[in-house]
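S.K.: Note that the protein sequences, when read in sequence, are chains A and B.
Counting from 1, one number per residue, gives the positions in the first sequence under our numbering.
Counting from 1, one number per residue, gives the positions in the second sequence under our numbering.
Watch out, some of these pointers could steer you wrong.
[As the list claims (entries may be wrong)] With the C-beta cut set under 7 Å, the calculated list includes, among others, these residues of chain B facing chain A:
{"hint": "1", "residue": "Leu-516"}
{"hint": "2", "residue": "Ala-517"}
{"hint": "3", "residue": "Ala-518"}
{"hint": "4", "residue": "Val-552"}
{"hint": "5", "residue": "Ser-588"}
{"hint": "6", "residue": "Gly-592"}
{"hint": "7", "residue": "Gly-597"}
{"hint": "8", "residue": "Ala-598"}
{"hint": "9", "residue": "Gln-602"}
{"hint": "10", "residue": "Val-607"}
[As the list claims (entries may be wrong)] The list that follows gives simulated cross-link-like pairs (lysine-lysine, BS3-like), each with its CA atoms no further than 25 Å apart:
{"hint": "11", "chain 1": "B", "residue 1": "Lys-205", "chain 2": "A", "residue 2": "Lys-106"}
{"hint": "12", "chain 1": "A", "residue 1": "Lys-83", "chain 2": "B", "residue 2": "Lys-510"}
{"hint": "13", "chain 1": "B", "residue 1": "Lys-205", "chain 2": "B", "residue 2": "Lys-242"}
{"hint": "14", "chain 1": "A", "residue 1": "Lys-154", "chain 2": "B", "residue 2": "Lys-587"}
{"hint": "15", "chain 1": "A", "residue 1": "Lys-100", "chain 2": "B", "residue 2": "Lys-704"}
{"hint": "16", "chain 1": "B", "residue 1": "Lys-512", "chain 2": "A", "residue 2": "Lys-83"}
{"hint": "17", "chain 1": "B", "residue 1": "Lys-145", "chain 2": "B", "residue 2": "Lys-59"}
{"hint": "18", "chain 1": "B", "residue 1": "Lys-145", "chain 2": "A", "residue 2": "Lys-82"}
Rather than coming from a laboratory, the hints here were simulated on the basis of the structure.
No residue lacks a Cβ here, since even glycine has one placed at the ideal position from N, Cα and C.
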Amino acid sequence: MKQKDKVTDPIFEIKDLSFWYGQNKALDSITFDIQKGDITAIIGPSGCGKSTLLRCLNRMNDLIEGVRVEGDILFEGQSIYKKNIDLIMLRKRVGMVFQKSNPFPKSIYENVAFGPRIHGVKNKNILDEIVEKSLRDAALWDEVKDRLHHSALKLSGGQQQRLCIARAIAVDPEVILFDEPCSALDPVASAKIEELMLELKGKYTQVIVTHNMQQASRVSDWTAFLLMGKMIEFGPTEQIFLAPRNKITEEYVTGRFG
Amino acid sequence: MLSRRREDKVFSVLIKSGGIATIFVILSIFFFLFWEVLPIFVPARIETLKITTVKQTLKGEVFLLDEYMNYLISVGNDGFKIVNAREGDVVSTEIINDLHAFYLDPLTYVLFLVRDDATVDIFDILWVEKFTKFGKRFVEPSIDKVTSFKLPSKVDLIRGVKLPEDEGYLFIGSSKETLYFVNLETEEDFLTEEITYSPRLSSFKVEHNVVDVAISRDGKFICVISGFYLSCFERENLLSEKLLSYTLSSRAVAFDFLVGDRALVLLEDGKPPVVWITAKIGSEVRFVNAKNFSRGCKEYINLSVSPINRTFLAQCGNGTFYAYYSTNERLLLESPAPVLSSPIFITPRGDHLFWVTKDEIYTVRFVNDYPEISLKSLFGKVWYEGMDSPSYVWQSTGGTDSFEPKLSLIPLLMGTLKGVVYSLIFAVPISVLSALLVSQFMNSKQINLIKPAVEFMASIPTVILGFLAALWLAPLIERNLFSFLVIFVLLPFYILVFYFVFTVLPSDSKWKTIGLAAVFIYSLGPLFHMTKRLEYLWFEGGFVEWLSENGVYYDQRNALIVGLAVGFTIVPIIFSIAEDAFSNVPKSILVGAMALGASRIQAVFKVVLPAALPGVFAGIILGFGRAVGETMIVLMATGNTPILDFSPFTGFRTISANIAVELPEAPLGSSLYRVLFLSALLLMVIALVFNGVANYIRMRLHRKLKF
Chain A
1 MKQKDKVTDP
11 IFEIKDLSFW
21 YGQNKALDSI
31 TFDIQKGDIT
41 AIIGPSGCGK
51 STLLRCLNRM
61 NDLIEGVRVE
71 GDILFEGQSI
81 YKKNIDLIML
91 RKRVGMVFQK
101 SNPFPKSIYE
111 NVAFGPRIHG
121 VKNKNILDEI
131 VEKSLRDAAL
141 WDEVKDRLHH
151 SALKLSGGQQ
161 QRLCIARAIA
171 VDPEVILFDE
181 PCSALDPVAS
191 AKIEELMLEL
201 KGKYTQVIVT
211 HNMQQASRVS
221 DWTAFLLMGK
231 MIEFGPTEQI
241 FLAPRNKITE
251 EYVTGRFG
Chain B
1 MLSRRREDKV
11 FSVLIKSGGI
21 ATIFVILSIF
31 FFLFWEVLPI
41 FVPARIETLK
51 ITTVKQTLKG
61 EVFLLDEYMN
71 YLISVGNDGF
81 KIVNAREGDV
91 VSTEIINDLH
101 AFYLDPLTYV
111 LFLVRDDATV
121 DIFDILWVEK
131 FTKFGKRFVE
141 PSIDKVTSFK
151 LPSKVDLIRG
161 VKLPEDEGYL
171 FIGSSKETLY
181 FVNLETEEDF
191 LTEEITYSPR
201 LSSFKVEHNV
211 VDVAISRDGK
221 FICVISGFYL
231 SCFERENLLS
241 EKLLSYTLSS
251 RAVAFDFLVG
261 DRALVLLEDG
271 KPPVVWITAK
281 IGSEVRFVNA
291 KNFSRGCKEY
301 INLSVSPINR
311 TFLAQCGNGT
321 FYAYYSTNER
331 LLLESPAPVL
341 SSPIFITPRG
351 DHLFWVTKDE
361 IYTVRFVNDY
371 PEISLKSLFG
381 KVWYEGMDSP
391 SYVWQSTGGT
401 DSFEPKLSLI
411 PLLMGTLKGV
421 VYSLIFAVPI
431 SVLSALLVSQ
441 FMNSKQINLI
451 KPAVEFMASI
461 PTVILGFLAA
471 LWLAPLIERN
481 LFSFLVIFVL
491 LPFYILVFYF
501 VFTVLPSDSK
511 WKTIGLAAVF
521 IYSLGPLFHM
531 TKRLEYLWFE
541 GGFVEWLSEN
551 GVYYDQRNAL
561 IVGLAVGFTI
571 VPIIFSIAED
581 AFSNVPKSIL
591 VGAMALGASR
601 IQAVFKVVLP
611 AALPGVFAGI
621 ILGFGRAVGE
631 TMIVLMATGN
641 TPILDFSPFT
651 GFRTISANIA
661 VELPEAPLGS
671 SLYRVLFLSA
681 LLLMVIALVF
691 NGVANYIRMR
701 LHRKLKF
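So that you can see chain A by itself, here it is in the shape it has in the complex:
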């Protein structure tokens, strides 16, 4: 499939976004759009602000004390930084999978059912359906269908991460944010996650933060390259990796620093 050069149907529009942790400026005037249904990768060396940027998309940074935001992010044309925004609704629509798998110390079933439950689903049959569908979507169903009521903590690292994806899928989001989802996994488990992301493409808009450039080039359609809180380059993945316009990007993707 031929990549388009320009984002045509943005789900997120990031506009001149700056971000401070207390006195430290973590993000500096970042502007780019995220294409609906595609996979967008955010790459860059450690501490460049890529995770911070990702967390701005569902306002998870709000949980940290003393942070400050300037600029704006539009989600489906609506600002998510305006007053009285319904954070619960935002986070329901923008799911997240973390660097380190974080299943709740409950059963597999309860982990997946947690999201639907807090959003008001009470009917047992509907919950059962959601759990099965989510686990199937996360390619975990066959492995766990016989032990749905066993503790989620007994699963392997890769399985736990896929459970977290299933858990995110269960609330039927529009976007799933991946914060270095494979950094704690072995290559086989990582490959499975990547495979899964490609399967989920189209159904959900996916944004992935990764420091693994091969991974970014394998799964993503769009790539943003961040350095020291600044957006160096954004464009179709092929262009970033094969024909970067910026010299620093070229040096980074060819592994001259990192």
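Position chain B against the provided structure of chain A, taking the given hints into account.
M.R.: Structure of chain B alone, referenced to chain A:
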């Protein structure tokens, strides 16, 4: 290099020995407690037989030894003798040729003799106190004639007692169907101070031949067996109002009252001994058969009651004898009698048994120090003398020696439980919720303010809390009980109302919080006055009085007060363990829940709280263990009444307070002393088990949450 290695070695030895010493100390405490408790598990036994050969033939039938076992009094059909029980010499002899019948009461030391002409002589057996040249005390018997009187006709069977406090003597003589009752009241001539006795005789006819008679030694009850019928009466209503009527199924060999005069033992061939105790049935006193004993003889030959406690001996014709304890129905001892057919007697101190043949005195040591302790009396329901039903009672000491000790640990255990439960009711919600608040919703600045405050709470000496609870809180709550209860129940809802107002008000400024808090605190005053007004309207001004009129007893120092005060001491314990458990739940879980759209409250209550629940539970158990051992506050802030109920308005007595109250007064080595040590051991085991369980749960939780 060498010196460093030596240093390592020295320190490792020091550290190891420190650890071992700690374990050793704990084990020693256990061992010491157990050692003090151990004797109560050793069954009664007899040992060290001693034989004295008497230098004359004794024709006596009943015998009495003094408390030092120096002198033996022998009474028989030929008169009475005093024998030196150690040397065998006969000290004095009184030959009475026309002796028709005699009775020696072994507990009140009085001797009745009936002569052929129906004259009755009463002798007091006095123990004259003497000292050896080394200052050792001993007693010499002196048998003094008190008075004599004449009956209308000769009697074959006589019984009598000396009443306590020199009130005189009671005498009953009977022949066939005739019963003579003689009351000899003391009369003191106020000029010469000479004491005389005027016998007042009443005679009765009964339907059958009189077989045996027993008189309680306080003169209150008289029981008569005539034919096959046993009946008991109060002295004033002799033969009219029956307190007990029982039909014998076989030959009655002996019956007598036990020490304390509220229990009657009957030995009936082919049955275990039967004991009746007085009981309040309605407003009436009755004798009830409330005890069950095991074993017994086909054919009894003798009954001996202990002068010091409720032990009695039943002796069989086949040579076996049994020792029983009445209160707890315990069979203390089953033993073959060394000499057939000689009746066995108990010495005044109850620590030896003796029997006498024609020319020999046998004594054996009777080790029976803890007859009143058994599983049944410690943990079971016992029907005590004078009560209306079986019950759990702790009442270790009474005014007199003949008091029946009531050593049930149940009221103390339940009191302990009651104290703990009311403390937890107060402490658990406060400490768990504040731990949640501190660990999940506060920033580090606020935490640094709260934690030292809680630690300070733990460091307040409990004696101060007890003192405050007893002298300040208890009267305060008694005056304002209704307001206290209403506000206690309504406060959470009231807070919720304010929370609702808080969320509805649009502004975000901190003045909103401060203003609302001020309104909240200010509104408590009018709320209090409103409850006072309601109390005045509904309960005519006095809720406490209204309660007691409606049968709810209110103690000023009660479980509510203790719950508040002890709860105060365990809040820091539960708080710190629970806070630790909450903080140990990885933040990523909370964040994960919130990323799914859960609110902070939802994430905390639906994910963090369930995950940390075992840790919270461990904290509660640890608090439980601490509350179980709490002594000072319960000692000061309850009435220490060992009653058995769960009302929040009554006092109670805990095991720990009981030890503190009673151990200083328990005679060393006594039953009470041992039972107190047993309860201490119990307390220690409970505390240890609870600590162990709590630590196990915490360790498991730590392992589980590590991922």
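S.K.: So which hints don't hold here, by number, going up?
M.R.: Violated: hints 1, 2, 3, 4, 11, 18.
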